[in-house]
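Engineer: Since the structure of chain R is provided, determine the placement of chain C on it from the hints.
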Amino acid sequence: MSRTILEARNVTKRFGGLVAVSDVSFDVTEHEVMGIIGPNGSGKSTMINMISGSFAPSSGSIRLRGAELAGKPAHKVARLGVGRTFQLVRLLPELSVIENVMAGAAFGHRRRWGHEAEHFARSLLERLGLGQATGMPVSALTYIDTKRVELARALAGDPKVLLLDEWLAGLNPTELSTGIALIRSLREEGRTIILVEHVMDAIRSLCDRCVVMSSGAKIAEGTPAEVLSDREVIRAYLGDGDA
Amino acid sequence: MTAREIRNFLIAAGLLALCALLPVYGSPYWLTMGTTMAMFAVLATSWALFSGPTHYISLATAAFFGVGTFVTGLGFQALPFWALPLIAAGIGAVLAALVGLVTLRLSGVYFVIFTLGMAEMVRQVVTWVQNQTGHRGMYVLTSITEREIYWMLLGLGALVYLLGWLIGRSRLGFALRIIGNDETVAKHSGIDTALAKVALFMVPGAVAAATGAMLAPRYIYIEPATAFAPLLSFQVVIMALLGGTGRLWGPVAGVIPFTLLWEVITRQAPNQTLLLLGLAFLLIVYVLPGGFVGLWDRLRRRYGGHG
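Chains R and C, in that order, give the protein sequences.
Each residue of the first sequence is one higher than the one before, counting from 1 in the UniProt record's numbering.
Each residue of the second sequence is one higher than the one before, counting from 1 in the UniProt record's numbering.
Some hints could be false.
[To be verified] With a Cα cut of at most 16 Å, we get these calculated EDC-like pairs of lysine to aspartate or glutamate:
#1 R:Lys76 to C:Glu183
#2 R:Lys76 to C:Asp192
#3 R:Lys160 to R:Glu188
#4 R:Lys160 to R:Glu7
#5 R:Lys76 to R:Glu188
#6 R:Lys160 to R:Glu32
#7 R:Lys160 to R:Glu118
#8 R:Lys160 to R:Asp27
#9 R:Lys72 to C:Asp192
These are calculated hints, taken from the structure and not from any lab test.
Chain R with its partners taken away, still in its complex shape:
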């Protein structure tokens, strides 16, 4: 029986008068890939940002193995074991590829330094198919490779939960299948992943479970097949006429 690793309870986020996320609860079990999906502006990224400590929820609680994350600054959340990538790729431009990955290893959940960090970063890059690029400046990388470096940096801290914020967005069809295969291989390693995604193929083939959000609220939860045939979900995506 798998254990719950992350639990969100009644999480709400208000920006002034706007309620971006409203009373959302869900559990994530160990070794599971959970998708957060929903139309644009439904509060998915806000949810990810609250889990990773970019900002605090207005109310509610987010617990990682019982430890409260809500309200903690991002660096503490990272040390407790949450790694993330960003919707728009963020690399460290003045650092080499391997240093970018070592940045994740040196200060993350499980810390490594010196030769150990370098060795670990190198093995991660090889694992993600970037073995030849370790010494390169990041400006020389292709788009999918920048995403790989960012993923390697997130993995370098050995997080308990990995948050991927539209990691597959913007890839061409060939890159997309590479990307999906890569995330599937992470899943097979037994990692726990929460991914925010728009690409339906990826959701169907990767996610064990999905939470569907619309206008800040959770409107459905279940396997991809279940939620994608849910009337409420279809209405949220396509409007009343098609439901």
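Structural biologist: Chain C in isolation, oriented as in the chain R frame:
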């Protein structure tokens, strides 16, 4: 240590010994120049330890320096001279920590303006206190000679280089480089950005205050207007950027030519020194964005040199 590091250590030690002999073979004129250069080398190198990796341009050097001179001014009769730079360094570090805590949320131009304003505020407060107590300035009459000041500065410089080398290979140094590249990534990688910034900002604060304490006897008479002159902050920034902050030896490569040029201009056309500051700034922005260090690296890459 690698062979390369040992080699660099030997080179550094040799250069330091050569510099230390200046009072023996040099004329009094060159000793004066050497002291000025040593002062700026210490200030610019320590400044670059923080502002180089983080890209936070601090204009607070004059505040710390001024505090240091006043520590000597107030304490030289009561305490042994060697204790004064230590006390000044302690006060400078505490002051830097306070400034750091206040400015944590500021970045970019806001940080620059704040540090400039802070330096000015310290000067005004000291002036006010002096006025309240009926003082204007202070005489610092000691038996400390120019060559002793020079040697003290060299010692402090060696310490700064050693510290810079240690920080460069530490987690703290790596954290600062990450912060300078992308603070959001730094936080999400698990770096306590606030703590890292404050910790490293204390280094230039302490060093500048210690420098001020060592140099106070040279001025003989100190008052807030000269001890806290904001020009010093700008000179340090320009020299460090001219040399380049990418390497430990960068700032000193800016200090030497700039100090010589400044001397020439001061003698030929004393009113045009600010013009030199401005021109050097334009030169850095348009021609030498990485300073001499950047130029050196580019040339090495182009001509395939090594070492």
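Engineer: Quick one, are lysine 76 of chain R and glutamate 183 of chain C close enough, alpha carbons at most 16 Å?
Structural biologist: 15 Å, holds
Engineer: Taken at face value, is the distance from the CA of glutamate 188 of chain R to the CA of lysine 76 of chain R at most 16 Å?
Structural biologist: With Cα atoms ~28 Å apart, lysine 76 of chain R and glutamate 188 of chain R exceed 16 Å; violated.
Engineer: Given the hint that lysine 160 of chain R pairs with glutamate 188 of chain R, test it: the Cα-Cα distance must not exceed 16 Å.
Structural biologist: 15 Å, holds
Engineer: Below or equal to 16 Å on CA atoms is what counts here, so check lysine 160 of chain R against glutamate 7 of chain R.
Structural biologist: 13 Å, holds
Engineer: Would you check the hint for lysine 72 of chain R and aspartate 192 of chain C, treating anything up to 16 Å between C-alpha atoms as holding?
Structural biologist: 12 Å, holds
Engineer: Is it true that the CA of lysine 76 of chain R sits at most 16 Å from the CA of aspartate 192 of chain C?
Structural biologist: Roughly 8 Å separates the two Cα atoms, so the pair holds.
Engineer: Below or equal to 16 Å on CA atoms is what counts here, so check lysine 160 of chain R against glutamate 118 of chain R.
Structural biologist: 21 Å, violated
Engineer: Would you check the hint for lysine 160 of chain R and aspartate 27 of chain R, treating anything up to 16 Å between C-alpha atoms as holding?
Structural biologist: 14 Å, holds
Engineer: Between lysine 160 of chain R and glutamate 32 of chain R, is the straight-line Cα distance small enough, at 16 Å or below?
Structural biologist: 11 Å, holds
Taken one by one, the earlier hints fail for this structure at numbers 5 and 7, listed in ascending order.
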